[in-house]
Amino acid sequence: MKSLAAAIGLGTIVFAGAVAAEPPAGAVSCSGCHPSSARVTSPVLRLNGLDRAAIVKAMQDFRSGQRTGTVMDRIAKGFTDEEIQAIAAWYATQR
Amino acid sequence: MTTSRREFLRIGVAVSAGLLPLPAFGQAAPRVVIVGGGFAGASCARALRHTDGRIAVTLVEPNATFTACPFSNAVIGGLREISAQQFTYERVAADGITVTRANATAVDASARSVTLGNGARLAYDRLVLAPGIDIRWGALAGYDEAASTQMPHAWKAGEQTLLLRRQLEAMDDGGLVVISAPANPFRCPPGPYERASLIAHYLKTKKPKSKLIVLDAKDAFSKQRLFQSAWAELYPGLLEWVPLSKGGKVISVDPATRTLVTDFGRHQAKVANVIPPQKAGHIAEVAGVADRSGWCPIDPVTFESKLQPGIHVIGDAAIAGAMPKSAFAANSQAKTCAAAVATLLAGATPSSPKLINTCYSLVAPDYGISVAGVYQPTGGQLADVPGAGGVSPAEAPRGARAAEAVLAEAWFRTITSGVFG
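Taken in order, these protein sequences are the chains called D and U.
Position 21 of the first sequence, counting from 1, maps to 15 under our numbering, and the rest follow consecutively.
Position 156 of the second sequence, counting from 1, maps to 261 under our numbering, and the rest follow consecutively.
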């Protein structure tokens, strides 16, 4: 198979690596409440394309209790700093 | 990411032009068949297509229209029309998913094929079963399919929902309404209590001399303190909950007289809503992925069956540890499973996920409460992440309850848009 790839000019690409990267842990669940589509009317913020640092700060503030949430205070407590960083970086790149 | 997006796109173009095979599947694109077009199945189909457009995704679903269970209690309570619960698969199909309107009748796990009602066979590389629940007819003495036309369960939304509503509308003021709630596990743990609340709201506003009794096979239930405190405030003297320890467990029913029998007595109802014991949808049993409990044990990272390789189970049918059988959980599992399936098809190992659940319940049209949880694989099960999750505060101003009712409706619009819109 690699030889076929080489033959048509894709060089050393490994097929197993050709799948899209998995979203970071937890990220896909956010769209249960945060609309993916801009067409949905909701008081809940759309995360796609938001500033990474803003998402991180919101999550940290919900987690620490600095910011009161309806459910986000309860949900943010389930995520580590590293996980929050990864989710924020991922949403910042989503359209 | 081991491959840049540009490289990924180049390969995508090459494959769509038929030049490149995927590693494990010869010349063809990998095939994923998904059985069941609810919050789990339809979400998984779309998430798979979005994750990797090279995967050929077929969604097998017998109904042209999906009728959503969340908010169907508001239909029963006369607050909402059933049309607001109904969705088609047009947008799902427009994503490039083959939507096959059929029943799946058999699964051959070793040959990796699904048989449809018309005898056609669909070959798959990975199968995702999202069949929801089936009623265990006969598990409650006297409650068979015919009985459900007299004493509706209304636990699969649609005609049953409307039947229960019509019965309530036809009842004279002063009638007795009885709900029978099952033992765990069952679809939508707070559902019977939201239903009791919204029926109580209907009775209070339209038929105030009536009474509602909830006969329960349990001593505890989801968001119990919040429900009970709201009931005391909103529906005093109208709604009575009878737990297991006070004789609440219904042991038989008589549909001809709408009578529910417990160890302690008989309740002859004008309207009886029997929420019966349940199990994973039939195809799970046929495919050999359900265990003796009637539900499906799964790997908490990939949702692959612990009983049959190559078959994943998501949504209400799965034994998902601490995760409840809810639409939100089904959607979260579906998207997590889709990512894992795409990774497995590429020959890689899925990483450990985190999942979320949020369930809103309406106690009145302007009074919402919620429970939330975060979950991760721990010791082979999906377990609560310690310190996270929980229910709405016990003490809160009515404004906060009203805000949660607004969020509940926003949640419904968002999730149904993601799944069907």
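Don't read these hints as lab results, they were simulated from the structure.
Just so you know, not all the hints are guaranteed correct.
If you want the ones that stay clear, here's a sample from chain D, every Cβ over 12 Å from chain U, calculated [unchecked claim]:
# : residue
1 : Gly43
2 : Ala47
3 : Gly72
Here are the computed distance ranges between Cβ atoms for each label pair [said to hold, decoys possible]:
# : chain 1 : residue 1 : chain 2 : residue 2 : range
4 : U       : Ala288    : D       : Arg61     : 38 to 48 Å
5 : D       : Arg89     : U       : Asp324    : 42 to 52 Å
6 : D       : Arg61     : U       : Glu500    : 53 to 63 Å
7 : D       : Thr35     : U       : Thr483    : 46 to 56 Å
8 : U       : Ala189    : D       : Thr74     : 14 to 24 Å
Not everything, but these chain D residues come out facing chain U in the computed CB check (under 7 Å) [unchecked claim]:
#  : residue
9  : Ser25
10 : Gly26
11 : Arg68
Glycine residues also receive a C-beta, built at the ideal position from the N, C-alpha and C atoms.
Task: Numbers of the earlier hints that this structure fails to satisfy, in rising order - done: 3, 6, 7 and 8
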